[in-house]
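Construct the entire structure; sequences and hints are all you get.
Take a look at the letters that make up each chain.
Number of protein chains: 2
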Amino acid sequence: MAATADDPGPSRAGTGTAQGDPAPRRRGRRPGGADTRAQLLAAARVEFAERGYDGATVRVIAERAGVDPAMVNHWFGGKESLFTAVLDLPVDPGAVLADVVPGDPERLAERIIGRLLEVWDATGGAPLAAVLQSVAAHDAAARMLREFVSRVLVAKVVSAVAPDQRELRAGLCGSQVLGLAVVRYVLKVEPLASADHATVIGAVAPNLQRYLTGPLP
Amino acid sequence: MAATADDPGPSRAGTGTAQGDPAPRRRGRRPGGADTRAQLLAAARVEFAERGYDGATVRVIAERAGVDPAMVNHWFGGKESLFTAVLDLPVDPGAVLADVVPGDPERLAERIIGRLLEVWDATGGAPLAAVLQSVAAHDAAARMLREFVSRVLVAKVVSAVAPDQRELRAGLCGSQVLGLAVVRYVLKVEPLASADHATVIGAVAPNLQRYLTGPLP
DNA sequence: GTCTATACAACGATAGAC
DNA sequence: GTCTATCGTTGTATAGAC
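Chains as they are written, first to last, in the working numbering: chain A, 1 to 217; chain B, 1 to 217.
Heads up, a few of these hints could be off.
A pair counts as met if it fits within one copy or between any two copies, since identical chains are not told apart.
Distance condition first, Cα-Cα at most 16 angstroms in a straight line; then the derived EDC-like pairs of lysine to aspartate or glutamate [what the hints assert, rightly or not]:
1) Lys188 to Asp139
2) Lys188 to Glu167
3) Lys79 to Glu147
4) Lys188 to Glu147
5) Lys79 to Asp164
6) Lys156 to Asp139
7) Lys79 to Glu106
Derived from the structure by calculation, the hints contain no laboratory data.
Given below as structure tokens:
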């Protein structure tokens, strides 16, 4: 866990700030053994837990891991996906949602539910239960997921279609989606747990659509 | 924490309203009360976990505890409330829902959400998180809650108003209610977490109402 | 030689200080 | 308003593994 910067020591002529001289790292591929990816993951776990999703910065995480911030992009594709990897989510919600948003806004809910059902049916309930468990157990996990859900959902989905009250709508959408996941995959309440996708979509999508674009008081 | 039958303790100061409750008048010899109650709880935990809500019987639970089956009624008010106590639920869902059902069926959802908000706001998110945690962690807990939710919800709420597909409707209602609980009290997503009751009711009740009495595909 | 992990620099966006 | 600091991200050159 201890993200020990590998501290190669010498060289690095004073480019710019002669102060501190924090991490003179060589360029190029590191000598074998240094697992940058794992170090980034470990550093990200600590930072996300301590400061939340928004509070943690890619730069600090990279510094803690002793590597360049660009490594986050290289290994994970960005802050969002790094977070997904930290929480060990089965899929990257941002990516999934992003490619489901384009299209008729009045049918967005159908596409969202349909896609989520595909993903969840493929991975089963285990990852969902794991996430739920850690969220219920650790306040830090709840905070991380809260900020992440708010940010990603609002930015990538709700803002694309919702006329107003975007944060509230995002929370409501989250409640319906999360509740469906719990009841179908963790609690396994029948007949909802075994219903085919068309049935679930027909039942849930209209309600989700109201949260997205319908009238709110 | 859990809503249990009134503790027929030594100094039960009578509130004026005489309840139809089978309030045990403490006459005669005082049993090793707390002991019986605890033994029943322990026995019920085992039985519910092993056989589920439906599979476990009051008779067997009482036998395992070494007491008369009537003690379940005495100490907990019935199988349902015993189960509630075992899960350490903040309230007895059966009781709460039962007294909210009478009235305009088309406004049932408003009454349900309103009442749940009162209860949850009073107890805070801790009990909810505890239930979620055990449900996510232990398959037995998930099974118990599943059967309980199906049975009680279908029997006491959905059957009272829903025209068809009662089990499916019950599952859908469960998903919305549970999701709301998670997002508002465990994840604490704003502004939903701090929204006043009227706002939440206005936002969620119409969706819940559709699950209860609206058209399903 | 190729391939890839790496560091550095710089860009557009955004939030806060002045 | 402008200025500044900082964020996440991208482009590119380079060093080491193969």
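Status of the hints after comparison with the structure:
1. Lys188 to Asp139: between (26 angstroms within a copy, 10 angstroms between copies)
2. Lys188 to Glu167: Result: close only across copies, 13 angstroms inter versus 30 angstroms intra.
3. Lys79 to Glu147: Result: close within a single copy only, 13 angstroms intra versus 40 angstroms inter.
4. Lys188 to Glu147: Classified as between; 10 angstroms across copies, 28 angstroms inside a copy.
5. Lys79 to Asp164: Classified as neither; 27 angstroms inside a copy, 46 angstroms across copies.
6. Lys156 to Asp139: neither (25 angstroms within a copy, 34 angstroms between copies)
7. Lys79 to Glu106: neither (30 angstroms within a copy, 46 angstroms between copies)
In summary, the structure is inconsistent with hints 5, 6 and 7 from the numbered list given earlier, while agreeing with the others.
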